[in-house]
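Residue numbers (the working numbering), protein chains in the order written: chain A, 624 to 847; chain B, 66 to 310; chain C, 60 to 366.
Since the hints were derived computationally from the structure, they do not count as laboratory data. Just so we're clear, the structure is a prediction, and the values are computed from it rather than from any experiment. Ideal placement from N, C-alpha and C gives every residue a C-beta, glycine not left out. There's no promise every hint is true.
Residues from chain B that keep clear of chain A, each with C-beta distances beyond 12 Å, as calculated [as the list claims (entries may be wrong)]:
#: 1; residue: Asn80
#: 2; residue: Leu91
#: 3; residue: Leu95
#: 4; residue: Ile115
#: 5; residue: Leu251
#: 6; residue: Leu272
#: 7; residue: Val278
Subject to a maximum C-alpha distance of 25 Å in a straight line, what follows is the list of computed PhoX-like cross-link-like pairs (lysine-lysine) [what the hints assert, rightly or not]:
#: 8; chain 1: B; residue 1: Lys85; chain 2: C; residue 2: Lys257
#: 9; chain 1: C; residue 1: Lys300; chain 2: C; residue 2: Lys255
#: 10; chain 1: C; residue 1: Lys289; chain 2: A; residue 2: Lys699
#: 11; chain 1: C; residue 1: Lys166; chain 2: C; residue 2: Lys300
#: 12; chain 1: B; residue 1: Lys85; chain 2: C; residue 2: Lys354
#: 13; chain 1: C; residue 1: Lys129; chain 2: C; residue 2: Lys354
#: 14; chain 1: C; residue 1: Lys273; chain 2: B; residue 2: Lys85
#: 15; chain 1: C; residue 1: Lys257; chain 2: C; residue 2: Lys289
#: 16; chain 1: B; residue 1: Lys85; chain 2: C; residue 2: Lys252
#: 17; chain 1: C; residue 1: Lys184; chain 2: C; residue 2: Lys315
#: 18; chain 1: C; residue 1: Lys184; chain 2: A; residue 2: Lys699
#: 19; chain 1: A; residue 1: Lys699; chain 2: C; residue 2: Lys129
#: 20; chain 1: C; residue 1: Lys315; chain 2: C; residue 2: Lys300
#: 21; chain 1: C; residue 1: Lys362; chain 2: C; residue 2: Lys129
If you only want the chain B side, here are some residues facing chain A, beta carbon under 7 Å, derived [as the list claims (entries may be wrong)]:
#: 22; residue: Arg134
#: 23; residue: Ala135
#: 24; residue: Pro137
#: 25; residue: Gly140
#: 26; residue: Leu143
#: 27; residue: Ala223
#: 28; residue: Leu240
#: 29; residue: Ala252
#: 30; residue: Phe253
#: 31; residue: Ala256
#: 32; residue: Val259
#: 33; residue: Ala260
#: 34; residue: Ala263
#: 35; residue: Ala266
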Amino acid sequence: MQWLWENRDLVFGLSLEHVRLSAIPIIVGLIASIPLGWLANRFRVTRAIQLTLFGILFTIPSLAFFITLPSVLGTKILNPVNVVVALAIYAIAIMVRGAADAFASVPRDVIQSATAVGFSSVSRFWKVELPLAGPVLLANLRVVSVTTVSLLSVGALVGNGALGYLFINGYQRDFPTEVMIGIVFTLIIAVLFDQILVAIGRVLMPWAHGVRGSSRALTVGGAA
Amino acid sequence: MLFAAALAFIFDPANLLGEKGILPRLMDHLLYTGLSLGVALLVGIPIGLIIGHTGKGKNFVIALTGSFRAIPTFGLLLFIILFTGLGLGPLVFVLAILAIPPIIAGAYSGLDAVNRETIDAARAIGMTEWQILGKVEIPLALPLILGGIRSATLQIIATATIAGYVGLTGLGRFLIEGLALHDYTLAFAGAILVAALALVADGILALIQRLVVPHGVSRGMARTTTRSGRRTAPPALTGTPITEG
Amino acid sequence: MQSHGVKRIAAGLVAIGLTASLAACASGDPLGGGGGELGTITVGSQGFAESDILAQLYGQMLAANGYTVKYSPSIGSRETFIPALQDGSIDLIPDYAGNLLYGADPKATATSTADVMAALPAVLKPLGLAISSAAQAQDADALVVTKEFADANNLVTIADLAPIASTITIGANTEFESRSYGRAGLESVYGVKGWKFKAIDDYGGPGTLSDLLKNNIQVADIYTTTPSIKANNLVVLQDPKHLIAAQNIVPLFNEKSYSVAVANIVDRVSNVLTTEELMSLNEIAAGDSKPSPEKVAKDWLTKMGLL
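Throw the hints in and build the complete structure from the sequences for me.
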């Protein structure tokens with residue numbers, strides 16, 4: 624506790640960095656997954672291609688991405704963009720499958736009814752399909768959020784791990800307290816993100832209070 | 066090109082054997098994976114079956130193990146090593162922690178998806194609770210149970226690469242060496258090897274998943290028995306920790 | 060209960076941070092960073108505590124003299140931070156003269172401080188790198204064994220390992236094996252060959268130390284200024300043939316970031332940094348309160364009258 628107080632600037636700075644570097648991939652993952660997931664749900668062929676592609680991407684260890692992306696992107700090796708891009712790839716890989724499931728969870732007769740009462744396909748997507756897919760999308764996004772916050776710390780091995788710095792620094796100094804503070808703050812950020820997502824879900828989807836979203840999150844293991 | 070160079074490295078027979086060869090490192094990687102998965106199964110399957118069968122404590126257990134997902138594996142590993150020193154134990158422990166949530170989730174949601182009427186029918190014809198679990202629930206839940214195991218396996222295989230940083234070997238050594246020596250080819254080769262191992266393991270588990278489904282239980286049936294009515298076909302090629310539901 | 064309160068406060072702080080950082084993203088400048096009067100200098104450090112302290116010594120001196128300073132800690136091995144210097148990710152990093160020379164020119168032969176420093180500029184020039192003055196302080200890789208192992212095998216110098224080489228495991232960072240004093244140098248200079256290698260990437264830190272004490276490895280590469288050598292009564296094997304070159308601390312620059320003005324400021328650290336002072340800095344950092352490198356550096360600079 625004393626160490627935490629004396630090093631509050633360091634820990635606070637790293638926490639900010641952690642929030643920033645993990646928020647971007649989560650947001651990118653959500654935005655990218657909506658059209659991709661919709662496509663995957665709509666067409667059998669794109670579904671097979673996408674699930675295979677992102678399935679393979681997901682099997683590549685994060686460390687491998689962190690190390691090799693500079694040579695692929697042409698970025699500087701200490702550029703945080705490398706870590707952000709790697710985590711965004713994971714986020715998309717997880718979200719696309721989840722988004723496909725989310726759109727599949729929209730009952731077919733509802734879509735047909737919407738068409739019958741005169742929705743164009745565009746407005747049907749925005750006003751019917753997307754809102755009804757929302758709870759399942761949210762449940763998946765919560766998993767992406769937890770995973771991203773946790774994985775980011777491995778980036779410390781390539782000089783961009785935010786709170787992961789405390790892991791390596793504490794380890795090399797033989798100082799478990801520092802490592803534990805890194806773990807605790809990572810958990811705090813994970814919980815915070817999760818609470819924010821749940822709150823956003825309540826505001827945007829008041830009708831879905833818990834029911835399907837939470838049962839999904841439960842089977843999924845959900846966030847803390 | 067980097068990818069081609071990495072493939073050339075992998076298929077060069079000179080890199081297969083020896084202290085730093087692909088084969089011994091692959092065997093070590095399999096060892097770490099097998100041990101961790103074994104521990105995770107011993108812990109996760111009984112817990113998942115108990116809460117799935119009784120429905121008791123499910124919120125607590127699922128929330129607890131779900132929060133395991135938020136623990137940064139890398140940090141936890143270094144933390145433990147500061148007390149135990151380097152070794153296989155800390156690695157297996159943190160990888161098991163990683164694998165337990167999807168295993169429990171798979172077992173729990175598998176049992177949860179079994180139609181209550183089926184269970185009541187089994188009870189009505191005089192089956193004991195153990196018989197219901199062993200002869201009705203588990204067989205019907207197997208696809209989802211195995212789905213959880215598949216997901217856990219893929220996560221272990223990818224994450225076991227950190228072994229290379231803490232005095233162990235495995236395929237992660239190619240990544241750590243690539244990083245330390247700034248050798249992208251080596252790092253690429255490591256990435257390809259780990260991904261290939263994950264895909265092969267996933268394929269084998271998918272095959273088992275297909276074979277163990279008992280006669281009379283098609284996946285189509287398992288699908289219709291879910292309460293939520295959503296598709297629950299066993300997940301294909303993917304390591305997402307979330308698809309077993 | 061107390062920790063609950065702390066968590067809440069921390070959560071609040073992080074929430075504020077989220078807003079602030081999103082604002083920073085919106086401004087399109089992810090690294091933030093304003094411009095100081097004299098420009099911005101990014102100081103990197105290698106992946107261990109001593110390097111963090113040295114980086115802070117340079118950085119705080121520069122900050123006190125009108126530069127805007129950013130830090131990029133724990134970059135890793137020389138194989139990684141040299142490209143980081145070259146691509147401009149960092150401008151300055153503390154390095155060790157001998158390893159720097161042999162990393163840039165594996166065929167180098169210099170071993171003494173004077174020879175190494177004389178050889179360096181010509182080797183660094185084509186790489187787009189530059190150095191300023193070396194400190195008297197040295198921190199070299201050293202092959203270290205436990206007292207018991209040294210006694211049992213009559214080990215005094217590295218050469219004494221030759222008869223038992225095939226039975227030992229040496230633990231060190233990954234890059235050790237391919238360094239000039241690794242496999243090739245140990246064999247050609249001392250006839251030590253056939254040993255096993257265990258890669259432990261903590262720069263002679265706690266993992267390496269515990270493995271050495273448990274006899275999982277028999278020889279470890281631990282830096283001479285590391286407090287754990289004295290604390291555990293370890294024996295540093297002598298190097299009479301100078302396999303490991305002089306490792307004076309030297310500020311290493313990206314050539315584009317080098318200027319006489321900057322070098323003069325950084326050299327004020329080099330001018331007073333002795334090996335004894337460096338060891339005391341490491342001991343303070345390893346002490347019970349585990350002060351941050353920033354604080355260790357600040358206290359020392361104040362003590363030395365530099366701030």
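Go through the hint on Phe253 of chain B and say holds or violated, using the shortest Cβ distance to chain A against 7 Å. holds (6 Å)
Using Cβ atoms only, decide whether Ala260 of chain B comes closer than 7 Å to chain A, and label the hint accordingly. holds (4 Å)
Pair hint Lys184 of chain C and Lys699 of chain A, alpha-carbon separation not exceeding 25 Å: Given that 25 Å is the threshold and the Cα spacing comes to 21 Å, the pair holds.
Regarding the pair Lys257 of chain C and Lys289 of chain C, is the alpha-carbon distance no greater than 25 Å? holds (23 Å)
Holds or violated: are the alpha carbons of Lys85 of chain B and Lys252 of chain C at most 25 Å from each other? Given pair Lys85 of chain B, Lys252 of chain C holds - Cα atoms ~17 Å apart, limit 25 Å.
Distal placement of Leu91 of chain B relative to chain A, Cβ over 12 Å: holds (14 Å)
Interface exclusion of Leu95 of chain B relative to chain A, criterion Cβ beyond 12 Å: Answer for Leu95 of chain B: holds, closest chain A Cβ roughly 15 Å.
Once the shortest beta carbon distance from Val259 of chain B to chain A is found, is it less than 7 Å? holds (5 Å)
Within 25 Å, alpha carbon to alpha carbon, are Lys184 of chain C and Lys315 of chain C? With Cα atoms ~11 Å apart, Lys184 of chain C and Lys315 of chain C stay inside 25 Å; holds.
Would you check whether the claim that Leu251 of chain B is not at the interface survives, using Cβ distances to chain A and the 12 Å cut-off? Leu251 of chain B is in fact no farther than 12 Å from some Cβ atom of chain A, at 9 Å.
Least C-beta distance from Ile115 of chain B to chain A larger than 12 Å: Per Cβ check, Ile115 of chain B is outside 12 Å of chain A; nearest 16 Å; holds.
Should the interface hint for Ala263 of chain B be scored as holding, given a Cβ-Cβ cut-off of 7 Å against chain A? holds (4 Å)
Checked against the numbered hints above, the structure violates hints 5, 10, 12, 20 and 35; every other hint is satisfied.
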